[in-house]
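Given these sequences and hints, build the entire structure.
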Amino acid sequence: MLTIRPSTDTSTRRDRLSRLIAPDGERLHDPDLDPWVADVFEEQLLALYEDMVVSRRIDTEATALQRQGQLVLWPPLIGQEAAQVGSARALRKDDFVFSSYRENAVAYVRGVSMTDMIRVWRGSQFSGWNPYDVGMATPTVIIGAQTLHAVGYAMGITRDGDDAAAVAYFGDGATSEGDTNEAMVFAAAYDAPVVFFCQNNQYAISEPVGLQAQRPIADRSPGFGIPSLRVDGNDVLAVLAATRMALDHARTGDGPMFIEAVTYRMGPHTTSDDPTRYRDKAEEQRWRELDPLERTRRLLMAEGALTDERQASVSARADAVAKELRDGCLALRPHEPLSIFDEVYADTPPSLRRERDEYAAYLASFDDADGANREAAR
Amino acid sequence: MLTIRPSTDTSTRRDRLSRLIAPDGERLHDPDLDPWVADVFEEQLLALYEDMVVSRRIDTEATALQRQGQLVLWPPLIGQEAAQVGSARALRKDDFVFSSYRENAVAYVRGVSMTDMIRVWRGSQFSGWNPYDVGMATPTVIIGAQTLHAVGYAMGITRDGDDAAAVAYFGDGATSEGDTNEAMVFAAAYDAPVVFFCQNNQYAISEPVGLQAQRPIADRSPGFGIPSLRVDGNDVLAVLAATRMALDHARTGDGPMFIEAVTYRMGPHTTSDDPTRYRDKAEEQRWRELDPLERTRRLLMAEGALTDERQASVSARADAVAKELRDGCLALRPHEPLSIFDEVYADTPPSLRRERDEYAAYLASFDDADGANREAAR
Amino acid sequence: MTELTLAKAITTGLADALEADDRVVLLGEDIGKLGGVFRVTDGLQERFGIDRVVDTPLAEAGIIGTAVGLAYRGFRPVCELQFDGFVFPGFDQVVTQVAKMRYRTQGAVKMPITIRVPFGGGIGSVEHHSESPEAYFAHTPGLRVVACSSPQDAYSMIRQAVESDDPVVFFEPKRRYWSKGEVVTDVSAVPSLDRARVVVPGTDVTLVTYGPLVQTAVDAALAAEDDGVSIEVIDLRSLAPLDEDAIVDSVQKTGRIVIAHEAARFGGIGAEIAAMVTERCFDRLTAPPLRVTGHDIPYPPSELEDHYLPDLDRMLDGVDRVMGVRV
Amino acid sequence: MTELTLAKAITTGLADALEADDRVVLLGEDIGKLGGVFRVTDGLQERFGIDRVVDTPLAEAGIIGTAVGLAYRGFRPVCELQFDGFVFPGFDQVVTQVAKMRYRTQGAVKMPITIRVPFGGGIGSVEHHSESPEAYFAHTPGLRVVACSSPQDAYSMIRQAVESDDPVVFFEPKRRYWSKGEVVTDVSAVPSLDRARVVVPGTDVTLVTYGPLVQTAVDAALAAEDDGVSIEVIDLRSLAPLDEDAIVDSVQKTGRIVIAHEAARFGGIGAEIAAMVTERCFDRLTAPPLRVTGHDIPYPPSELEDHYLPDLDRMLDGVDRVMGVRV
Ligand SMILES: Cc1ncc(C[n+]2csc(CCOP(=O)(O)OP(=O)(O)O)c2C)c(N)n1
Ligand SMILES: Cc1ncc(C[n+]2csc(CCOP(=O)(O)OP(=O)(O)O)c2C)c(N)n1
Ligand SMILES: [Mg+2]
Ligand SMILES: [Mg+2]
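Residue numbers (our numbering), protein chains in the order written: chain U, 1 to 378; chain X, 1 to 378; chain H, 1 to 327; chain L, 1 to 327.
Take these hints with a grain of salt, some might be off.
As the list claims (entries may be wrong) - Cut-off 27 Å, straight-line C-alpha distance, at most; resulting in silico cross-link-like pairs (BS3-like, lysine-lysine):
#1 K33(H) to K180(H)
#2 K281(X) to K33(H)
#3 K93(X) to K180(L)
#4 K110(H) to K93(U)
#5 K180(L) to K281(U)
#6 K253(L) to K33(L)
As the list claims (entries may be wrong) - A short list of chain L residues far from chain X (calculated; beta carbon distances all over 10 Å):
#7 E46
#8 P77
#9 F83
#10 D92
#11 Q152
#12 D166
#13 P201
#14 Q215
#15 D219
#16 K253
#17 D283
#18 R321
As the list claims (entries may be wrong) - Estimated spans, in silico, between C-beta atoms of each pair:
#19 G324(H) to P337(X): 23 to 29 Å
#20 E46(H) to Q285(X): 22 to 28 Å
#21 E19(L) to P337(X): 54 to 60 Å
#22 R195(L) to D306(H): 32 to 38 Å
#23 R47(L) to D39(U): 45 to 51 Å
#24 K180(L) to K281(U): 57 to 63 Å
#25 D160(U) to L28(X): 49 to 55 Å
#26 H29(X) to A108(L): 40 to 46 Å
#27 W178(L) to V198(H): 52 to 58 Å
#28 R47(L) to K323(X): 56 to 62 Å
#29 D162(U) to A64(X): 25 to 31 Å
#30 S339(U) to D274(X): 50 to 56 Å
Hints were generated in silico from the structure; no laboratory data involved.
These figures come from a predicted structure and were not determined experimentally.
Don't be surprised by glycine CBs; every beta carbon is placed ideally from N, CA and C.
The following block contains the structure:
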């Protein structure tokens with residue numbers, strides 16, 4: 001009889017993860033992954049390290065800006081630097097990213113400017129950058145919705161005969177949404193060149209991953225006909241290798257692939273969240289020991305690559321980016337009120353034009369004598 | 001490295017199916033399934049056969065009624081008798097079925113009267129029977145939606161401390177809908193006592209199952225943490241055994257289980273459909289040789305159980321049910337027009353009462369002199 | 001100029017759109033070999049190939065969501081939703097993504113998606129097959145919501161919808177699919193997609209409707225003529241945004257308005273039109289705007305659907321009321 | 001009688017409902033240990049256990065769909081949707097299942113489901129966190145759609161919603177969560193769930209609103225008093241079905257009506273009220289019903305949300321207009 005039982009491994013134990021850098025900084029070897037990072041030497045690893053340090057600095061700066069009332073909200077990515085930088089550095093310029101709200105290190109790597117990155121979180125615009133300039137779509141807040149966009153985009157790539165790929169970034173929580181599962185159905189049906197990149201950061205706000213999935217998340221996609229990889233998401237080299245492999249798989253006509261990057265959200269869900277209500281210090285401490293920056297630093301130190309000088313230049317770069325972020329943020333000026341009526345349609349319809357004009361007249365009434373009187377009267 | 005690839009079997013080949021009766025009627029053995037039908041002797045098998053013959057007769061009669069303009073639509077189940085009868089006969093009275101529109105043999109087995117079965121298809125009501133009378137919910141037309149209802153009901157069973165189970169019936173097409181996948185997520189999360197019973201009848205209207213799934217459908221649920229079985233859906237004994245096993249699994253606290261019953265929709269999708277547009281005679285012929293009734297009949301003949309006398313009584317029973325169906329159908333009288341305003345709410349709100357009264361007055365206006373004049377004037 | 005059924009006019013429009021622009025891609029359930037359950041895409045897959053006329057898995061969010069991705073990549077997807085009652089599993093992608101993407105991205109990302117929905121009742125079918133969900137879409141800024149009523153409009157409007165850089169929810173009056181009419185395929189001179197059309201000129205009462213009820217309204221106007229009442233019938237064509245001026249112009253002339261649709265009255269398009277007309281024509285109105293609509297109940301079983309659907313008599317009853325003949 | 005915030009009044013109401021009937025079950029994302037993102041369910045899981053206060057996987061259709069199954073089994077599920085903008089993935093289950101089940105089964109299957117939705121803007125948040133989707137639900141026969149505005153109503157209405165045998169979509173004005181008021185927990189004497197309430201009596205203009213804008217309307221009434229204009233403020237409480245008589249009674253007295261809501265104007269609740277009032281009070285109206293609402297655009301980025309949201313000035317401007325002070 002053909003009984004297909006879930007395999008017995010129901011945990012997301014870290015020792016089952018593909019890895020190239022151990023938490024203590026030791027360089028491990030993996031015959032499947034190694035070939036994909038054969039070109040990564042000291043200099044390349046240093047660059048990845050710098051990206052991660054910069055990403056964390058962006059995160060710290062933005063969190064501070066939020067605390068100072070300069071941002072309406074910020075979703076920290078601290079802890080997920082390796083997952084985001086490693087995967088984003090695997091991409092080509094003509095690949096296209098569809099992400100959720102937390103992928104700010106991905107945006108940084110894609111070349112998004114600091115001012116553009118911060119617009120959304122200042123409540124200034126819903127989209128910080130032009131997606132076509134950087135090959136990264138405007139982040140999607142509706143959990144899971146962007147996975148379908150990535151698949152559709154990938155279907156377009158096929159129709160154009162290109163060898164680019166689309167990448168969908170999403171979280172462990174997003175795997176429960178119907179959209180994410182439909183995305184796998186469609187991707188498999190059309191062999192779409194899309195990489196599903198799931199950052200399993202152990203939480204969807206307060207809910208541990210165990211509520212969303214009874215199996216390692218990487219076990220989900222094979223049943224849809226999509227091969228998967230499960231990597232240590234705090235290992236920048238393993239993530240880079242895995243993503244390169246998956247992209248190659250997609251580009252060469254082998255269809256979609258799924259990566260679960262096992263990582264940890266070291267900060268709160270957003271600056272509005274209070275994680276002490278749902279997880280304990282001991283757990284946070286356990287993961288702190290697996291910090292993605294620290295292990296890369298250890299490897300670089302062991303190899304003698306991270307000289308004081310180089311560490312200083314990394315810090316300087318991080319400071320410069322942070323300054324760019326802060327200055328960019330503070331320099332943002334509110335848009336003109338009537339701009340809220342723009343870009344609802346390609347051509348504003350007459351009825352909406354009338355609405356805008358009425359509102360303009362209303363605003364103007366506060367300037368004229370009558371308006372002033374009204375104001376005074378209150 | 002942990003790469004989880006789809007297994008290499010990407011077909012839904014029939015020789016990979018669990019079976020207890022071969023197409024030629026030979027009784028096969030399966031150590032996993034056999035114990036679950038150890039109590040099924042000639043008499044029980046004859047009863048199953050009779051259920052199937054009756055089901056097919058219901059189907060034929062309803063199709064004829066539709067052709068005669070007595071029904072607005074009918075979704076034939078021909079070819080799926082073993083899948084429906086075998087599974088439904090595994091249920092206890094206190095189990096609860098959530099089905100789609102095609103499960104009329106399930107409804108028959110649950111004890112739905114012929115008159116109640118036909119109401120919906122005559123356009124008379126949206127629900128033919130009271131779900132609580134027969135332990136079967138009103139069929140759901142929105143594909144996949146009922147799978148979540150089954151899970152919720154099963155969560156209720158757990159809360160009540162009962163050992164009953166809920167069963168969700170759905171098709172191969174339904175596996176693509178977000179709802180069906182969310183249902184697996186919820187069922188696994190709460191270890192809900194629910195059996196997912198998928199009749200893979202090879203088509204969703206015109207679309208072959210290969211568009212919905214790149215893997216055997218039974219491969220889907222294990223990734224959600226739900227064990228699955230893949231049985232020959234044209235083998236009533238194997239289906240009975242598999243469903244009993246899955247129900248036992250659910251009842252004894254082991255949580256959900258998934259069954260893919262591989263079968264074939266021998267007729268059109270509904271009486272409005274024209275399958276010649278999308279599948280060929282050769283394929284239909286191949287499946288005709290796997291007819292679920294025929295193979296049971298062969299087994300019974302080989303065992304000498306289906307005497308002429310018994311065959312005659314089976315036919316008589318089928319004719320009687322068919323007559324019940326036809327008479328029940330033709331005896332249905334249209335509801336009173338104002339009944340359309342009933343049961344929208346527990347208590348009809350004043351505004352809706354007013355609407356109903358206005359419409360009643362409007363209708364009445366055709367009876368009075370003025371109304372008659374108006375009519376005459378046109 | 002050829003005589004076509006409304007369904008065939010859409011088929012022809014889709015074929016011409018596929019021919020005119022190779023970025024046009026059709027997506028939907030059963031639209032390939034089967035040609036869709038209403039055969040509207042009949043023959044198109046054979047002619048344009050499986051990459052341009054795409055049978056999709058059975059998942060409406062998937063259809064709309066992948067269309068968003070295709071649009072992101074510069075395609076012009078045309079999605080078919082099989083029946084009105086099946087739009088809701090895809091509703092989130094329509095409301096939160098399709099409708100808002102241009103606004104969200106300050107115009108950087110266009111969503112030239114057409115979502116075709118056969119809608120309305122009167123075909124004697126089962127649950128979910130006869131509904132009129134247009135108001136849900138019309139309340140969603142960023143969408144254009146249109147309904148065609150004649151073969152000519154079916155042809156021209158589907159061409160315009162596909163060419164529009166805005167997302168268009170395109171309602172097709174399924175019970176008029178087989179009604180015939182002359183169709184010219186030169187769309188250079190046809191009115192733009194957002195304009196209403198006076199179908200029958202009149203002076204006493206404005207009767208506004210769309211989709212399947214336009215023919216009923218025309219019949220009502222003819223019948224009323226015998227009673228000496230002159231009805232001006234307006235086919236809205238665009239439900240959102242509304243061609244307010246066309247309606248207002250008519251009411252300024254007639255002073256009375258009846259609005260008809262199959263959808264439930266409460267919160268339907270009729271409410272918006274009544275409110276708007278009252279705002280803009282208050283002094284001219286000699287009677288309150290009156291709605292002749294589906295009742296505020298779910299669409300009923302088909303044996304009683306005639307008691308749900310506005311028909312000629314109910315329209316004339318409405319006209320009588322605004323004329324003060326009946327109260 | 002205790003002073004509670006509106007949020008705490010709901011918490012108390014839910015706790016009392018859980019206490020009073022062991023068939024009440026709460027479902028939602030993060031409602032357990034976290035107590036929900038607004039802490040409305042704070043402490044309830046600890047008190048009533050994980051089987052009655054259930055953290056769900058992140059899937060709205062899943063939440064509503066399993067609630068349907070629980071209701072089928074005789075439970076009274078209370079679902080929390082985290083924010084207004086996240087109702088749409090669960091919309092299909094609400095419209096095609098929750099709303100229609102009683103009708104579909106001729107009354108055999110009840111759907112006593114409460115769907116809680118924190119709604120509205122003015123909290124300076126990101127996209128999808130400030131919307132007002134009530135009209136989508138109100139256009140759906142079979143649902144009761146309500147909005148509370150004060151701690152007392154929050155308490156009584158959530159109790160009544162949970163006890164109702166009809167499905168109730170329960171809108172909570174999130175920017176008023178922290179406003180305080182006296183609450184009595186004896187609900188035997190409170191008005192029924194479907195009745196509107198005159199919050200401020202007046203004679204010149206009827207100002208109808210609900211949810212977060214009720215407080216704004218009360219402030220406007222106070223301000224207008226100084227100008228010698230007497231505003232009658234009506235809190236709708238029930239958006240669907242509407243307490244039409246309460247509105248009509250008021251307009252019969254005042255002859256003028258302003259309707260305010262945050263949702264977009266086109267096809268909003270205001271359109272229905274304007275249409276209904278015009279139908280029923282045509283001869284009494286001295287000015288057309290006027291709507292003061294969100295614009296017909298997506299909810300804008302928060303830095304400009306004040307230009308979207310109706311505020312005291314815009315309400316007074318509306319009042320001035322119907323009074324003929326401004327045109
Ligand atoms: C459809 C929808 N439902 C609910 C939310 C509210 N919400 C925002 S983030 C979040 C958790 C997401 O978890 P996960 O997918 O793991 O991503 P992470 O936040 O961990 O990066 C929730 C529930 C939402 N944005 N969209
Ligand atoms: C949400 C939704 N979308 C589309 C349809 C139209 N439709 C009715 S049956 C069907 C195919 C269903 O296929 P499957 O699940 O395999 O069941 P089968 O008909 O084969 O029994 C479709 C697309 C529907 N009923 N609901
Ligand atoms: Mg997460
Ligand atoms: Mg099927």
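(message) With the threshold set at 27 Å, check whether the alpha-carbon distance from K93(X) to K180(L) stays at or below it.
(response) violated (52 Å)
(request) Given the hint of 23 to 29 Å, check if G324(H) and P337(X) actually sit that far apart at their C-beta atoms. (result) For P337(X) against G324(H), whose Cβ atoms are near 27 Å apart, the range 23 to 29 Å holds.
(request) Quick one: work out the minimum CB distance from D92(L) to chain X and report holds if it exceeds 10 Å, violated otherwise. (result) Non-interface label fails for D92(L): nearest chain X Cβ at 7 Å, not farther than 10 Å.
(message) Against the range 52 to 58 Å, how does the distance between the Cβ atoms of W178(L) and V198(H) compare: consistent or not?
(response) Because 54 Å falls inside the window, the suggested range holds.
(message) If we take the beta carbon of P77(L), is the closest beta carbon in chain X still more than 10 Å away?
(response) violated (8 Å)
(request) Hey, is D219(L) genuinely clear of chain X, shortest beta carbon separation above 10 Å? (result) Correct as stated: the minimum Cβ-Cβ distance to chain X is 30 Å, above 10 Å.
(message) Verify the CB-CB distance for K180(L) and K281(U) against the hinted window 57 to 63 Å.
(response) violated (34 Å)
(message) Between the beta carbons of D160(U) and L28(X), is the distance compatible with 49 to 55 Å?
(response) holds (51 Å)
(message) Please check whether R195(L) and D306(H) have a Cβ separation lying inside 32 to 38 Å.
(response) holds (35 Å)
(message) Between the alpha carbons of K33(H) and K180(H), is the straight-line distance 27 Å or under?
(response) At roughly 25 Å apart (the allowed maximum being 27 Å), K180(H) and K33(H) satisfy the hint.
(request) Would you check whether the claim that D166(L) is not at the interface survives, using Cβ distances to chain X and the 10 Å cut-off? (result) violated (5 Å)
(message) Would the non-interface assignment of R321(L) survive a Cβ cutoff of 10 Å against chain X?
(response) At roughly 28 Å from the nearest Cβ of chain X, R321(L) sits farther out than 10 Å, so the non-interface label holds.
Hints 3, 5, 6, 8, 10, 12, 21, 23, 24 and 29 from the earlier list are contradicted by this structure; the remaining hints agree with it.
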